Amino acid sequence: MSGGKEYSLEMAMGRMLQTGVTIAALVVLIGGVMYLAQSGGSPRDYQHFHAATPATTTIGGILTSAVHLDPRGVMGLGILLLIATPVCRVLFGVVGFALLRDRLYTAISLIVLGVLLFSFLTNR
Amino acid sequence: MSILLFSLAVFGTSLLAGFLGAMTGLGGGVVIIPVLCLLFKVDIHYALGASLVSVIATSSGAAAAYVREGYSNIRIGMFLEVATTLGALLGAYLTAKVTGNWIGIIFGLVLLYSAWASLDKLHDVPQLPKPDPLAMRLNLKGSYPENGTEHEYVACHVSSAFGIMFGAGTLSGLLGIGSGAVKVLAMDYAMKLPFKVSTTTSNFMIGVTAAASAGIYLSRGYVLPSLAMPVMLGVLVGSLIGARVLARTHVKTIRIGFAIVIVALGAEMIFNGVTGRL
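The listed protein sequences derive, respectively, from chains U and S. Be aware that the first sequence starts at 1, since it is given in this note's numbering, and climbs by one per residue. Be aware that the second sequence starts at 1001, since it is given in this note's numbering, and climbs by one per residue.
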């Protein structure tokens, strides 16, 4: 990559991704240990697709059950943090290109960010 | 099988899948989806959800190593992410319109293609004498260090690469994988980027692309935390080990062995899809 500023933007993105994935994996691991410690018996039926509850399909539902220390909610929170890391990387791009006064790429990063947000705000 | 035993078995398998995925550059999702469907008898939609989560983890987890090398091109990545994220939305939308059997058949075909692509020799495609004017306007160029000198490059065939990446994004959203093999088509063959640049840049793009389908997968209930947990942790640990080993081994035999496994899994997915068992 040419230019020291661009390289430092890249470094910042990389460090953010690494930190994000580490935190997310730790939260999933904690939730996983809670889940395995609490639940006995045979696993739920994965063989057939079931309609899911808002507790695992909406951001609000996952956060609520994580606050109540439900193991599935804690694992869900870790998964949400994980999904948020690439979104943050695009956000870094928007800010970084704006600081580099690159209007074209600020706009391109905003388009990507818009598509990502659309995926979370739209239903199905 | 108890929950603990089931989770440990899935974790172990995912670890192996992540390891092999990193060694061959195909990613863990390609192996874990057929194994979850065929061996653990998991519904294909749950397998897609768990795999997609692990794809994001692998992409972000490898970022640190790739950034240190300093070959990735954030402009080319961001530009192509417009195409891959839009494609991913389409692909994730299609998962509800297409039956599990069709997903299995398409998945099998992508596996067969990936096996072939993983054996194809990794070489730099020579640059065209005249750069694409669109690449100049979009600033799709850069340089990378090799043997002490800076090598400059400019992207070629920008519009066809953009189209191919839209297709790669659609496959990623439809199949819950990173579809790295398709990215090679766009970045190596169409844009003629140096191999090191295309590999590292596509690693970053995979995470962003998968995040675009993740929102839709989540709202449809494909992402089961209890299943995604062992898959994500296993693939992540496996791929980190794989990347370490890759740095100091010759992998030709592993590649060939892995390609045979992929072909077998692909054939079985197609068979199960055609006979309506998925």
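It cannot be assumed that every hint is accurate.
Computed cross-link-like contacts, EDC-like style, restricted to lysine to aspartate or glutamate with a CA-CA straight-line distance of at most 16 Å [what the hints assert, rightly or not]: (1) S/LYS1041 with S/GLU1268; (2) S/LYS1196 with S/GLU1152; (3) S/LYS1196 with S/GLU1268; (4) S/LYS1097 with S/GLU1146; (5) S/LYS1141 with U/ASP45; (6) S/LYS1041 with U/ASP102; (7) S/LYS1130 with S/GLU1152; (8) S/LYS1141 with U/GLU6; (9) U/LYS5 with U/ASP102.
Here are a few chain U residues that face chain S, going by a calculated C-beta distance under 7 Å [unchecked claim]: (10) VAL21; (11) LEU81; (12) LEU82; (13) GLY93; (14) THR106; (15) VAL115; (16) LEU116.
Because the hints were derived from the structure by calculation, they are not lab data. Keep in mind the model is a prediction, meaning the values are calculated, not measured. The beta-carbon is built from N, C-alpha and C at its ideal position, and this holds for glycine as well.
Results for each hint:
1. S/LYS1041 with S/GLU1268: OK: S/LYS1041 and S/GLU1268 at ~13 Å, within 16 Å.
2. S/LYS1196 with S/GLU1152: holds (13 Å)
3. S/LYS1196 with S/GLU1268: Status violated; Cα separation ~33 Å.
4. S/LYS1097 with S/GLU1146: violated (48 Å)
5. S/LYS1141 with U/ASP45: violated (51 Å)
6. S/LYS1041 with U/ASP102: Violated, at roughly 50 Å.
7. S/LYS1130 with S/GLU1152: Answer holds: S/LYS1130 to S/GLU1152 is near 14 Å, not above 16 Å.
8. S/LYS1141 with U/GLU6: holds (13 Å)
9. U/LYS5 with U/ASP102: holds (12 Å)
10. VAL21: holds (4 Å)
11. LEU81: With Cβ-Cβ at 10 Å, over 7 Å, it is violated.
12. LEU82: With a closest approach of 5 Å, the U/LEU82 hint holds.
13. GLY93: Given a least distance of 6 Å, the restraint on U/GLY93 holds.
14. THR106: violated (10 Å)
15. VAL115: With a closest approach of 4 Å, the U/VAL115 hint holds.
16. LEU116: holds (6 Å)
Checked against the numbered hints above, the structure breaks hints 3, 4, 5, 6, 11, 14 and satisfies the rest.
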